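> If you want the building blocks of each chain, they are given just below.
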Amino acid sequence: MTAGPAAVTAPITIRSGAGHWLRSYVMMTRWELGSLRMLLPLVVAIQVVIGGGFAVGVGLLSDQMPTRAVLYLSTGVAVVTLITVGLVMSPQLVANHKTAGTYDFMWSLPVPRTTQAAAWVTVNSVIALPGMVAALLIANWRYDLPLQVSVSILPAVLLTIVTATMVGYAFAHAIRKPMITQLITTLVSFVILGFAPINFPPENLPGWLADLNLYLPFYHMAVVMRGGLTEGLVTDVGISYLVLGVYTVASVAVAAWVVGRRD
Amino acid sequence: MTNATVNDWTFRAEGVTKKFGEFPANDGITLQVRPGEVYGLLGPNGAGKTTLVKQVIGLLKPTSGSLTLGSYDLVEDPDAARQLCSYLPQAQMPIDSFKAHQVMALTGMIRGGDPETVRRRSGEMIEALDIGEWRDTLGAKLSGGIKRLVGFAMVTVWPGRVVILDEPTNDVDPRRRRLLWEQIRRLGDGGASVFLVTHNVLEAEKSVDRLAIISEGRLIAEGTPSSLKSQDRGRMRLQLMVVPGRATPEMPAFVHDHTRVGNNVMATIGEVDSAHAIGWAQELMGLGEAEEYALAATTLEDVYIRMTGHTSEEVGVEVPA
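Protein chains in written order, with our numbering: chain A, 1 to 263; chain B, 1 to 321.
Just chain A, with the same shape it has in the complex:
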């Protein structure tokens, strides 16, 4: 056999800087999308079915639903789709790496660890956005909603998906046992669906719980998303952007710290 591995090719200079980060991000996104290649169509299809199914299901609650209520529920479904993909799906995929024993290899790759997190945000967007769009399109078709999509939907989606993904990502990496991660994310998604004013206005909650939600990100995610999808349904969008912005920065910082630390 004549062919063989390379002579030593590792760099004399250690790569760093924006160019290295960007190249690593592209490579890791290719890796993550490639890893999910066989699952991705199915996962996206399920998200579309869930989003669309919820939107159709809203009409089954009552045949006399006021437009405002339908608008609230339909846009709420879109928000829940983004949050659950970030908070539930990404931890489960990280947990799969841990269970399969492939976590060490992924973590030994010579890329800035933040690029691995950024690649996850991209993957989650690919997974979540079709479901969100399907929910809105189906709701719009089914209920003839007065949706008014504005350009502010872009920062709203970005902040929501980055925050949800980074919180889920930090959970998944910080907690050693994959099963505990899955239990926690299941609990979190249950709490979000039941006790965060996403599918209903905060006035429907007990006062203390409504107040508590002002300090949590989920209500504000719903506000900024509705701000980008409707006209006049929500007010004080600026405050919600501020709170969510703080959560985004904090979640990115915590995720960066978690992925950078070593036992």
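Calculated directly from the structure, the hints in this document are not laboratory data.
Since we're looking at a predicted model, the values are computed, not measured.
Cβ coordinates follow ideal geometry from the N, Cα and C atoms, glycine included.
There could be a bad hint or two in this list.
To be verified - Listed below are the simulated DSS-like cross-link pairs for lysine-lysine, each with C-alpha atoms no more than 25 Å apart in a straight line: (1) B:Lys-206 to A:Lys-98; (2) B:Lys-206 to B:Lys-141; (3) A:Lys-177 to B:Lys-61; (4) A:Lys-98 to B:Lys-61; (5) B:Lys-229 to B:Lys-206; (6) B:Lys-141 to B:Lys-99; (7) A:Lys-98 to A:Lys-177; (8) B:Lys-99 to A:Lys-98; (9) B:Lys-19 to A:Lys-98; (10) A:Lys-177 to B:Lys-206.
As the list claims (entries may be wrong) - If you only want the chain A side, here are some residues facing chain B, beta carbon under 8 Å, derived: (11) Met-27; (12) Thr-29; (13) Gly-34; (14) Ser-35; (15) Met-38; (16) Asp-104; (17) Trp-107.
Following the hints, put chain B in place on chain A, whose structure we already have.
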């Protein structure tokens, strides 16, 4: 120190201690690996080998001690550690959704290689490891041994200055195992420092330049295979196959030490006692206690057993107190 001044690529571990709680998984390990050297880390399961290499690649942080490669402090600069070191973990690789040649090239590019070169090298590796049949097969459809070879190619298609291979030959068939050893040797010839973690002593004996034996977190011996075996000069190994179900025969006074794995009893004796040993073994066969025996020169395995109290098989071992 600036990168441009780096010209000494010796890997150094100095007094590396890693504690999990109060338990020292590594206890003051000091060793050096020079460029071009294939360095074996031998030891039973749980000895601390994988813990040590995980600290080199920056997956764990030492409780105390230093790990350096030339002028780079691998503990303080894990980004540099990951760029300078390639790592094949003991576990399987996450390649189920990739075709073999694609994942080699993609990993090579992630490691910093240019697309054209890593594609060419992937092809060369596929040929060298004789896995062309599976070039376009998805990882999920590969056998464990072929996956292992693809994993090896992934981490060496664009190798680091240090290449860490944790049990690279696991599940690989004997013919391709030879090809794999050839490639490991070539990595060293290409200038990499190869860290080979294994508990397969016999394979390591043939392939490493130097080795360290680690037991209970401590480095208990280091040297070339020949220098370690020289400690057993003048000794022979008597291998007895005990009749299944029979107890281990009582050892005569000339037996220095013995171990039993399954029905296989390995006893170390002095060369001068060879005739006595043969006589004793034949007597046991006559009594129906043993089925066969063999007398041979000691190997690194015997040194390893004596030092660690384990065989490299690590199952059902009976070691005298």
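> It remains to establish, for every hint, whether it holds in the given structure.
Here's how the hints hold up against the structure:
1. B:Lys-206 to A:Lys-98: violated, 34 Å
2. B:Lys-206 to B:Lys-141: violated, 32 Å
3. A:Lys-177 to B:Lys-61: holds, 20 Å
4. A:Lys-98 to B:Lys-61: holds, 19 Å
5. B:Lys-229 to B:Lys-206: holds, 13 Å
6. B:Lys-141 to B:Lys-99: holds, 10 Å
7. A:Lys-98 to A:Lys-177: holds, 8 Å
8. B:Lys-99 to A:Lys-98: holds, 22 Å
9. B:Lys-19 to A:Lys-98: At roughly 22 Å apart (the allowed maximum being 25 Å), A:Lys-98 and B:Lys-19 satisfy the hint.
10. A:Lys-177 to B:Lys-206: violated, 40 Å
11. Met-27: holds, 5 Å
12. Thr-29: violated, 11 Å
13. Gly-34: At about 6 Å, which falls below the 8 Å cut-off, the nearest Cβ of chain B leaves the hint on A:Gly-34 intact, so it holds.
14. Ser-35: holds, 5 Å
15. Met-38: holds, 5 Å
16. Asp-104: holds, 4 Å
17. Trp-107: Given a least distance of 6 Å, the restraint on A:Trp-107 holds.
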